[in-house]
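Participant: Sequence:
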Amino acid sequence: MAEISFDDFLKIDVRVGEITRAEPFPEARKPAFKLWIDFGGEIGERRSSAQITAHYTPEALVGKQVLAVVNFPPRQIGPVRSEVLVLGLPDQAGEVVLVGPDGPVPIGGRLH
Numbered sequence: 001m002a003e004i005s006f007d008d009f010l011k012i013d014v015r016v017g018e019i020t021r022a023e024p025f026p027e028a029r030k031p032a033f034k035l036w037i038d039f040g041g042e043i044g045e046r047r048s049s050a051q052i053t054a055h056y057t058p059e060a061l062v063g064k065q066v067l068a069v070v071n072f073p074p075r076q077i078g079p080v081r082s083e084v085l086v087l088g089l090p091d092q093a094g095e096v097v098l099v100g101p102d103g104p105v106p107i108g109g110r111l112h
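Per our numbering, the very first residue in the sequence shown carries number 1; after that it's consecutive.
Everything labelled a hint here was simulated from the structure, so no lab data went into it. In this text the structure is predicted, and so the values were computed from the model without any measurement. Some hints could be false.
Label-pair ranges, simulated between beta-carbon atoms [unchecked claim]: (1) D91 with L10: 15 to 21 angstroms; (2) L111 with D91: 20 to 26 angstroms; (3) R110 with S5: 14 to 20 angstroms; (4) G103 with H55: 16 to 22 angstroms; (5) E3 with V69: 27 to 33 angstroms.
SDA-like cross-link-like pairs, simulated, lysine to any residue; straight-line CA separation at most 20 angstroms [what the hints assert, rightly or not]: (6) K30 with A93; (7) K30 with G109; (8) K30 with D102; (9) K64 with K11; (10) K64 with G78; (11) K64 with E83; (12) K64 with I4; (13) K64 with L10; (14) K64 with D7; (15) K30 with R110; (16) K64 with E45; (17) K64 with G88.
C-beta: ideal position from N, C-alpha, C; glycine also.
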């Protein structure tokens, strides 16, 4: 993988948000959920989709704090306009586990 400069890293805006709503996304090619994530006053609520059905239910996601890249351009994924990229890591089976703070933090906080 190519090295990047610290200035390149600073261009990536990773923020913590709280999932306020989660629904199944039956139109997706692979099992996924539609997510609504609140990033606070400066950014507000943004939508995303995530292939995280192996470890989560919509009910368990509501209230969960997650990290997401908030300054990518929106992407159309079927009928959903994904406005942020929710971050996660693969488990041993390759299923996504969400990345978030290990304790409550104010929403909208920027990763640094």
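Participant: Now tell me, hint by hint, if it's right for this structure.
Facilitator: Hints, verified against the model:
Between D91 and L10, the C-beta spacing of about 30 angstroms breaks the proposed range 15 to 21 angstroms. Roughly 22 angstroms separates the CB atoms of L111 and D91, a value that falls within the hinted 20 to 26 angstroms. Judged by the Cβ atoms, the range 14 to 20 angstroms given for R110 and S5 holds: they are separated by roughly 19 angstroms. At about 20 angstroms, the CB distance of G103 to H55 agrees with the hint of 16 to 22 angstroms.
For the hinted restraint 27 to 33 angstroms between E3 and V69, the CB-CB distance of approximately 19 angstroms leaves it violated. At roughly 16 angstroms between alpha-carbon atoms, K30 and A93 fall within 20 angstroms of each other, so this suggested pair holds. For the suggested pair K30 and G109, the alpha carbons sit about 31 angstroms apart, so the restraint of at most 20 angstroms is broken. The hinted pair formed by K30 and D102 fails the criterion: a straight-line CA distance of about 28 angstroms is larger than 20 angstroms.
The suggested pairing of K64 with K11 is violated, with an alpha-carbon distance near 26 angstroms, which exceeds 20 angstroms. Taking the CA atoms of K64 and G78, the gap is near 25 angstroms; set against the 20 angstroms cutoff, the hint is violated. Distance hint between K64 and E83 is fulfilled; the C-alpha atoms sit about 18 angstroms from each other, no more than 20 angstroms. For the suggested pair K64 and I4, the alpha carbons sit about 31 angstroms apart, so the restraint of at most 20 angstroms is broken.
A threshold of 20 angstroms between alpha carbons decides the hint, and for K64 with L10 the separation of about 25 angstroms lies outside it, so the pair is violated. With a CA separation close to 30 angstroms, the supplied pair K64 and D7 exceeds the 20 angstroms bound. Between K30 and R110 the CA atoms are separated by roughly 30 angstroms; this puts the pair beyond 20 angstroms, and the hint is violated. At most 20 angstroms may separate the alpha-carbon atoms for a hinted pair to count; K64 and E45 meet this at roughly 14 angstroms.
For the hint linking K64 to G88, the alpha-carbon distance of about 13 angstroms falls within 20 angstroms, and the restraint holds.
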